[in-house]
Amino acid sequence: MRYLPHTKEDIELMLEKTGVPSLKSLFDCIPDKLKTKDELKLPKPLTEWELDEHMDDLTSSINASKKCKYFIGGGSYDHFRPASVNYLISRSEFATAYTPYQPEVSQGTLQGIYEFQTMITELTGMDVATASHYDGGTALAETLLIALNKKKLQKIAVSSLIHPHHREILKTYLYPTGYEIIEIPYNKDGLTDFEQVKNMGDIAGIAVQSPNFFGNIEDLKLARKTCDSKNALFISSFTEGLSLGLLKSPGEFGADLVAGEGQSFGLSKSFGGAGLGLIAGTKKLMRNLPGRLIGKTLDSNGKQGYVLTLATREQHIRREKASSNICSNNGLNAMTAAMYLASVGKTGIREIAQLNHDKAFFLKQELEKVGFKIPFNSEFFNEFVAIAPEGFEAKRKRLEKDKGFYAGIELDKYYPELKNHYLFCATETIKKQDVENLIQEVK
Amino acid sequence: MKEINQLELPEDLKYTKSHEWVKKNEGDTVKIGLSDYAQDQLGEIVFVEVPEVGGTFSKGDEFANVESVKAVSEIYLPVSGEIIAVNEELEDAPELVNESCYDKGWIAEVKLSDPSELDSLLDKGAYLVTLKG
Amino acid sequence: MNSQIGTSGLIFNEPQLWDKSIPGRCGISIPSNDVAKIELSKELTRENVEFPELSEPDVVRHYTRLSQWNFGVDSGMYPLGSCTMKYNPKTNEVQASKQEIAGAHPLIGDDNSQGALKLMYDLQVMLAEITGMHATTVQPAAGAHGELAGMLIIHKYHEKKGRQRSKIIIPDTAHGTNPASATLCGYESIKVSSDENGVLTPEAVAELMDEDTAGIMITNPNTLGLFEKHIKEIADLVHAKGGLVYGDGANMNAIMGYVKPGEIGIDVLHLNLHKTFATPHGGGGPGSGPVVVTKELEPFLPVPIIAKNNDKYVIIEDMPDSIGRMHTFYGHFNVLVKAYSYILSMGAEGLKNVSEYAVLNANYIKESLKGVLNLPYDRPCMHECVFNDKKQAQFHITTMDMAKRLLDLGFHPPTVYFPLVVEGAFMVEPTETESKQTIDEFINAVKTITQEAKENPEILHSAPNITKVTRLDEVQAARKPCLRG
Chain A
1 MRYLPHTKED
11 IELMLEKTGV
21 PSLKSLFDCI
31 PDKLKTKDEL
41 KLPKPLTEWE
51 LDEHMDDLTS
61 SINASKKCKY
71 FIGGGSYDHF
81 RPASVNYLIS
91 RSEFATAYTP
101 YQPEVSQGTL
111 QGIYEFQTMI
121 TELTGMDVAT
131 ASHYDGGTAL
141 AETLLIALNK
151 KKLQKIAVSS
161 LIHPHHREIL
171 KTYLYPTGYE
181 IIEIPYNKDG
191 LTDFEQVKNM
201 GDIAGIAVQS
211 PNFFGNIEDL
221 KLARKTCDSK
231 NALFISSFTE
241 GLSLGLLKSP
251 GEFGADLVAG
261 EGQSFGLSKS
271 FGGAGLGLIA
281 GTKKLMRNLP
291 GRLIGKTLDS
301 NGKQGYVLTL
311 ATREQHIRRE
321 KASSNICSNN
331 GLNAMTAAMY
341 LASVGKTGIR
351 EIAQLNHDKA
361 FFLKQELEKV
371 GFKIPFNSEF
381 FNEFVAIAPE
391 GFEAKRKRLE
401 KDKGFYAGIE
411 LDKYYPELKN
421 HYLFCATETI
431 KKQDVENLIQ
441 EVK
Chain B
444 MKEINQLELP
454 EDLKYTKSHE
464 WVKKNEGDTV
474 KIGLSDYAQD
484 QLGEIVFVEV
494 PEVGGTFSKG
504 DEFANVESVK
514 AVSEIYLPVS
524 GEIIAVNEEL
534 EDAPELVNES
544 CYDKGWIAEV
554 KLSDPSELDS
564 LLDKGAYLVT
574 LKG
Chain C
577 MNSQIGTSGL
587 IFNEPQLWDK
597 SIPGRCGISI
607 PSNDVAKIEL
617 SKELTRENVE
627 FPELSEPDVV
637 RHYTRLSQWN
647 FGVDSGMYPL
657 GSCTMKYNPK
667 TNEVQASKQE
677 IAGAHPLIGD
687 DNSQGALKLM
697 YDLQVMLAEI
707 TGMHATTVQP
717 AAGAHGELAG
727 MLIIHKYHEK
737 KGRQRSKIII
747 PDTAHGTNPA
757 SATLCGYESI
767 KVSSDENGVL
777 TPEAVAELMD
787 EDTAGIMITN
797 PNTLGLFEKH
807 IKEIADLVHA
817 KGGLVYGDGA
827 NMNAIMGYVK
837 PGEIGIDVLH
847 LNLHKTFATP
857 HGGGGPGSGP
867 VVVTKELEPF
877 LPVPIIAKNN
887 DKYVIIEDMP
897 DSIGRMHTFY
907 GHFNVLVKAY
917 SYILSMGAEG
927 LKNVSEYAVL
937 NANYIKESLK
947 GVLNLPYDRP
957 CMHECVFNDK
967 KQAQFHITTM
977 DMAKRLLDLG
987 FHPPTVYFPL
997 VVEGAFMVEP
1007 TETESKQTID
1017 EFINAVKTIT
1027 QEAKENPEIL
1037 HSAPNITKVT
1047 RLDEVQAARK
1057 PCLRG
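Chains as they are written, first to last, in our numbering: chain A, 1 to 443; chain B, 444 to 576; chain C, 577 to 1061.
The hints are simulated quantities; they were obtained by calculation from the structure and are not laboratory data. There may be inaccurate statements among the hints.
[As the list claims (entries may be wrong)] Quick list of the computed label-pair ranges, beta carbon to beta carbon:
| id | chain 1 | residue 1 | chain 2 | residue 2 | range |
| --- | --- | --- | --- | --- | --- |
| 1 | B | A569 | C | K1056 | 36 to 42 Å |
| 2 | C | S605 | B | V496 | 55 to 61 Å |
| 3 | C | G600 | A | P375 | 39 to 45 Å |
| 4 | A | P416 | C | E735 | 37 to 43 Å |
| 5 | A | Q304 | B | G498 | 20 to 26 Å |
Each residue gets a CB set at the ideal place from its N, CA and C atoms; glycine is no exception.
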């Protein structure tokens, strides 16, 4: 096997040094009765070339070729990814390093993630951002735990327009410790109905996603006001990070904690993972944040450098008292995001964000022309809900299969009251012609 | 680290086995901090988590934390009572606990709920015995 | 060849991104706009995002320089104990970046994603076979996330049995994630000490195990690199009191083909694909932490789960007793692809060889270095061995000094100061992909250092001496945190 360097001679010499007669006897410290009797039943090993062939076969039944057009988002977005980013992130000095425990030989990771933290604080308008989390949903769960611990309360309010999968994760995380999640209904505009929070009693926080799952931009000013009236922490989340290139940041509205998904920043969709969890907070909550933080300092010669810092929050030191159990995060994806954000820069992020809105608006207009109705009268970023005319579902299925067009996500799966409602998306990868081709088919 | 005979242990303070010191003030209030031994063992302190003013605790409760780069240590309240003041300077200068553990590095001021508890604390001699133990 | 592989060469200083920014530059090709521009309301939109402005070459040079300050497995031996820094095969990266894998949207439905589902399903089956367990979820995003899933499963199991329990037993050698995961499930961690041989005894566990204890979390081989030989007796007595046995499979790489956790009393186990199954660590993730369980625990697995119905692969979301969802979609799919490719490349015999050579390498190092470093547990080890700095104390040299000096000599240091039960621990895990020649170089480097400790301790105190930066002021970093530029 080409990954294993041991020759017969090597093995003999090494066994001799260890004083053990055979490879098998290295396992003599394991009682015989605990050893498995049979060989593992696994497919016969493939050569590199056979593996290529096997994977070609396997992936031929995934309908995700380059010709596919994604008019769907729902937490995973089709964006252009510069070749330079892909190229850089493949450098094995980044990919094959561990968590930067030895800062003297990890300054690349450390400075890169420090710059990432800086760009995320800028984008979210917050004081502190962590070195990343698994994904948007798990990041959100962690921020809820912070609020509940901080406020020492049992209840927390969550908008019903937070991504349904994220809300499921919240339930999983909070269930065993007995915390109660109260869902805030949405109103006729497809926005969180903050009026409903009034009667909820004492809550540790309010979590709101903007743009919300319907794509609509929430009134975060009202969210902050509602939190103040309840003395609750304001948790703002997002699944489409690119929206922050155009929209006011959660920090501007006074968010205490921000959780989000950073897949849009140069990461492939990859069937939903690995993405990039983002967590940011105010300075006041810095010591309550979970996971790694990189800080700037000086070396013994007075030269600037970076280290992992504030580690006393973490499980390897605080063990059962740690605020979170997270160990490894999604570091390489944070680095990818930093590379992407550095590439798009100040002007690029705004222009691309604007393009997303323009394309989605165009798609909405064209769908309306062929009989789709728009149920919510709110401003949106790159996703919106449309009610389909009769016969659309069959066409939608056919379009997926024949053309690789993914036209809308059925909403009634998540919101049973929304029959025939679809969540559409258009990003900068959608051309006018693509929309016209779609319209031609669904007409 | 310091040898025991290098430790500074003022005569007028009371001590605990868990290395806090207690200084009796006017009325029924005391100041509390970490002993020279404790600060020396902990090494360079990077953060002190102080309790909120107004909180009440019983003797032996964990009421504050000190952190070095790679460790967190609890601080236990030597006497029962209400926290009436905390050393806010520690927020920006936790190193005061290292540099001046009996003066500028004090941690909290407590209004005693049971002044007789002071009698159960160790004097310098008894504390030294526990350190040598 | 030179006896010392570490040397200094030309590397570059590189400022932070925004110090290179020049207004007017942009490093991405902006797609042309073919539709009308639509302005959002003013009250919703922000001022500019203050990001740096850089050209593509600026960005490429920046990150290329940064990468040159890093040490990866591809740069040199990285014997970080407990972390399993083995070679990450390149073909796995190629497979994970195939168009259909990288391009697949997670909500395209079963019909459009058969290949992806088949891959996950087959991986579930293969991981169950390797561990001797019944069912698998590949959803957890990392080892600690798998631990949480596993503990949630135990929590749900007791709830279903009708009575929740309040405690969990955790050995003193455990990773910090174990107690932290237990806390998230509301369990109090009860510490059990290993004996003078570095392993758990049934007696010690029996003393703590009662009917208010949910079970025990055991890492086997443990973090001292020793096999917990009483595992079956311990599992039996935990089961007898109605508890479950959680296996931390972080060290599964030592026993593949030799021991199946499912056959020795483990009820639920997580695996670290980024350790045992050769997916890259990425400077701290993304990892992947599949969880395998017994038949009895299968109903509690997180949803969605990938199943096979006749010849079709399906995503199952409706499992009434499931602990619920752990990840927004199906887990770290592109990491799963790499582990899948790895297992297919290795086969049964190959995986067994992996464990054999990993154990051989560790024992070879243990025997070669035990004369110069103190070895607190002098017993045959599995895939890693733990030394400490006791022999160097007389020269006022610590584990940290030796670790930093190793950097000068061209090796990444072992894990230091863990496990906590060994004071000044120096924990070496070579992995199977290091050759005898490289390991001999490492052994020589450590011997050189122990010699220097006697003759020239100053060079250890000042080490590392030829790295980009020298030892950093971690105290100042923590006292006055500066976390953004």
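Verification of the supplied hints:
| no. | hint | result |
| --- | --- | --- |
| 1 | B:A569 to C:K1056: 36 to 42 Å | holds (39 Å) |
| 2 | C:S605 to B:V496: 55 to 61 Å | holds (58 Å) |
| 3 | C:G600 to A:P375: 39 to 45 Å | holds (43 Å) |
| 4 | A:P416 to C:E735: 37 to 43 Å | violated (28 Å) |
| 5 | A:Q304 to B:G498: 20 to 26 Å | violated (40 Å) |
Violation of the numbered hints given earlier is confined to hints 4 and 5; the remaining hints are satisfied by the structure.
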